[in-house]
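Trainee: Letter by letter, the chains look like this.
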Amino acid sequence: MRLLDDIHSHAKSTLLPWGETGTIISNEDVAALAQHNAMSGHIIERHALTEGIYPLRYLRNMQSISVEGQINLLESSVAQVGLGGLGGNLLEQFLRMGIGTIHAADGDHFEESNLNRQELSLIDNIGQSKVQAAMKRAKAINPSVDFKGTNEFLTSKSLPDFLSDADIAIDALGGLKTRLHLQKAAAQAGIPLITGALAGWTGYVGVVIPGEIGPADIMGLDNETEGILGCPAPSVMLVASLMAMEAVKLLTGIASPLERKMLVIDLATTTFETITL
Amino acid sequence: MGIELKCFATLAKFLPENGDDYPVESGETVRSLVNKLGMPEKDVTLIFINAVRSNLDSEVNDGDRVGLFPPVGGG
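Going line by line, the protein sequences match chains A and B. Everything in the first sequence is counted per this note's numbering, starting at 1 for the first residue and increasing by one. Everything in the second sequence is counted per this note's numbering, starting at 1 for the first residue and increasing by one.
Simulated from the structure, these hints should not be mistaken for laboratory data. Warning: the hint list may mix true and false statements.
Calculated pairs, DMTMM-like style, for lysine to aspartate or glutamate (alpha carbon to alpha carbon, straight line, at most 20 Å) [what the hints assert, rightly or not]:
#: 1; chain 1: A; residue 1: K136; chain 2: A; residue 2: E111
#: 2; chain 1: A; residue 1: K12; chain 2: A; residue 2: D29
#: 3; chain 1: A; residue 1: K261; chain 2: A; residue 2: E224
#: 4; chain 1: B; residue 1: K13; chain 2: A; residue 2: D222
#: 5; chain 1: B; residue 1: K42; chain 2: A; residue 2: D29
#: 6; chain 1: A; residue 1: K136; chain 2: A; residue 2: E152
#: 7; chain 1: A; residue 1: K249; chain 2: A; residue 2: D167
#: 8; chain 1: B; residue 1: K42; chain 2: A; residue 2: D222
#: 9; chain 1: B; residue 1: K13; chain 2: A; residue 2: E224
#: 10; chain 1: B; residue 1: K42; chain 2: A; residue 2: E224
#: 11; chain 1: A; residue 1: K184; chain 2: A; residue 2: D217
#: 12; chain 1: A; residue 1: K249; chain 2: A; residue 2: E212
#: 13; chain 1: A; residue 1: K139; chain 2: A; residue 2: E92
#: 14; chain 1: A; residue 1: K136; chain 2: A; residue 2: E28
#: 15; chain 1: A; residue 1: K177; chain 2: A; residue 2: D108
#: 16; chain 1: A; residue 1: K136; chain 2: A; residue 2: E92
#: 17; chain 1: B; residue 1: K42; chain 2: B; residue 2: D62
#: 18; chain 1: A; residue 1: K177; chain 2: B; residue 2: D43
Work out the full structure: start from the sequences and follow the hints.
Mentor: Here it is in structure tokens:
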């Protein structure tokens, strides 16, 4: 195959971080091959890994994520609702982990009050759409990822279409109003949902298997708590990290210990507890 | 020996000083406990006893670890 020969011709032999000698391919070469062959960079990277060539950008993950696991991530598609506090940070992690296809939706614009926690919010982009900032960030971090942004607030009507091509759904919503709609739509689509939320120093993460109980069944619709306590950065980033890791587990074929459960976090007292629902 | 009580987010302000070893009476339920602590019942959406989800009518016994959680949905 011509493409594989091209990939091999760009591969370089090097000493790998874990002491073996191996071959790597640079970000620049992946981008050039992607453009030349009119295909996404993540497909070039997937071919490279199958040939035993490590994309340099993922090299420092390769002793935590197996080659097969990284191939799974590159072939995966994630549908993420929300690009605010949780969503901005999740996008950052998904891009760096090399999830091949990310579709994210948010109809919101940045405000100054987002600067306390939202990864994508900058003084320079206040007033601009969150989707626009996400597209910029995706290109700047990992152009191998197919990123698609939808600049709208999804409803129970538009959710099924949004979720239709995804392997998993990500609940990065702010507030409780639409979380149950998303949980139901993910169940309808037959895909697992990773959910997380917080208020002040308290938060939780859960993995909802289609048709099973999830946090949205329990929490109700009252948004008063985060209205009062707000969402400080350490809680937001921790909850996002826990969500990202459960997403990586599901996408690489590892069962999540949070199915039918909730990990309840309190950073004020530094306590973590897994609750059976 | 009493119960170990944990109150989350906006409910933290109701946590008594002796929350680590809070005395309960025989026949105590989560509802009677919540009322004793002065919490509005509607603000308690997730209740867990010894890491298992429970409800307002669940019994509370000495040695239990009880968690009270309000609606939390921020992101």
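Trainee: Is A:K249 close enough to A:E212, meaning Cα to Cα at most 20 Å?
Mentor: It holds: about 19 Å lies between the C-alpha atoms, which stays within 20 Å.
Trainee: Hinted pair, alpha-carbon criterion (20 Å max): B:K42, A:D29. Please report holds or violated.
Mentor: violated, 59 Å
Trainee: Between A:K136 and A:E28, is the straight-line Cα distance small enough, at 20 Å or below?
Mentor: The hint holds at about 18 Å.
Trainee: Regarding the pair A:K249 and A:D167, is the alpha-carbon distance no greater than 20 Å?
Mentor: holds, 12 Å
Trainee: Checking one constraint from the list: CA of A:K177 to CA of A:D108, max 20 Å. Satisfied?
Mentor: holds, 15 Å
Trainee: Please work out if B:K42 and A:D222 have their alpha carbons no farther apart than 20 Å.
Mentor: holds, 10 Å
Trainee: Does B:K42 pair with B:D62 here, judged by a C-alpha cut-off of 20 Å?
Mentor: Violated - the C-alpha atoms of B:D62 and B:K42 are around 25 Å apart, more than 20 Å.
Trainee: With a cut-off of 20 Å on the C-alpha distance, tell me whether A:K177 and B:D43 pass.
Mentor: Holds: A:K177 and B:D43 sit about 16 Å apart, inside 20 Å.
Trainee: Straight-line Cα separation of B:K13 and A:E224 no greater than 20 Å?
Mentor: It holds: about 15 Å lies between the C-alpha atoms, which stays within 20 Å.
Trainee: Within 20 Å, alpha carbon to alpha carbon, are B:K42 and A:E224?
Mentor: Distance ~12 Å between B:K42 and A:E224 Cα, so the pair holds.
Trainee: Within a Cα-Cα threshold of 20 Å, do A:K12 and A:D29 meet the stated pairing?
Mentor: The given pair, whose Cα atoms are some 11 Å apart, holds under the 20 Å limit.
Trainee: Checking one constraint from the list: CA of A:K136 to CA of A:E111, max 20 Å. Satisfied?
Mentor: Satisfied, since the Cα-Cα distance of roughly 18 Å is no more than 20 Å.
In terms of the numbered hints stated before, the structure departs from hints 3, 5, 17, listed from lowest to highest.
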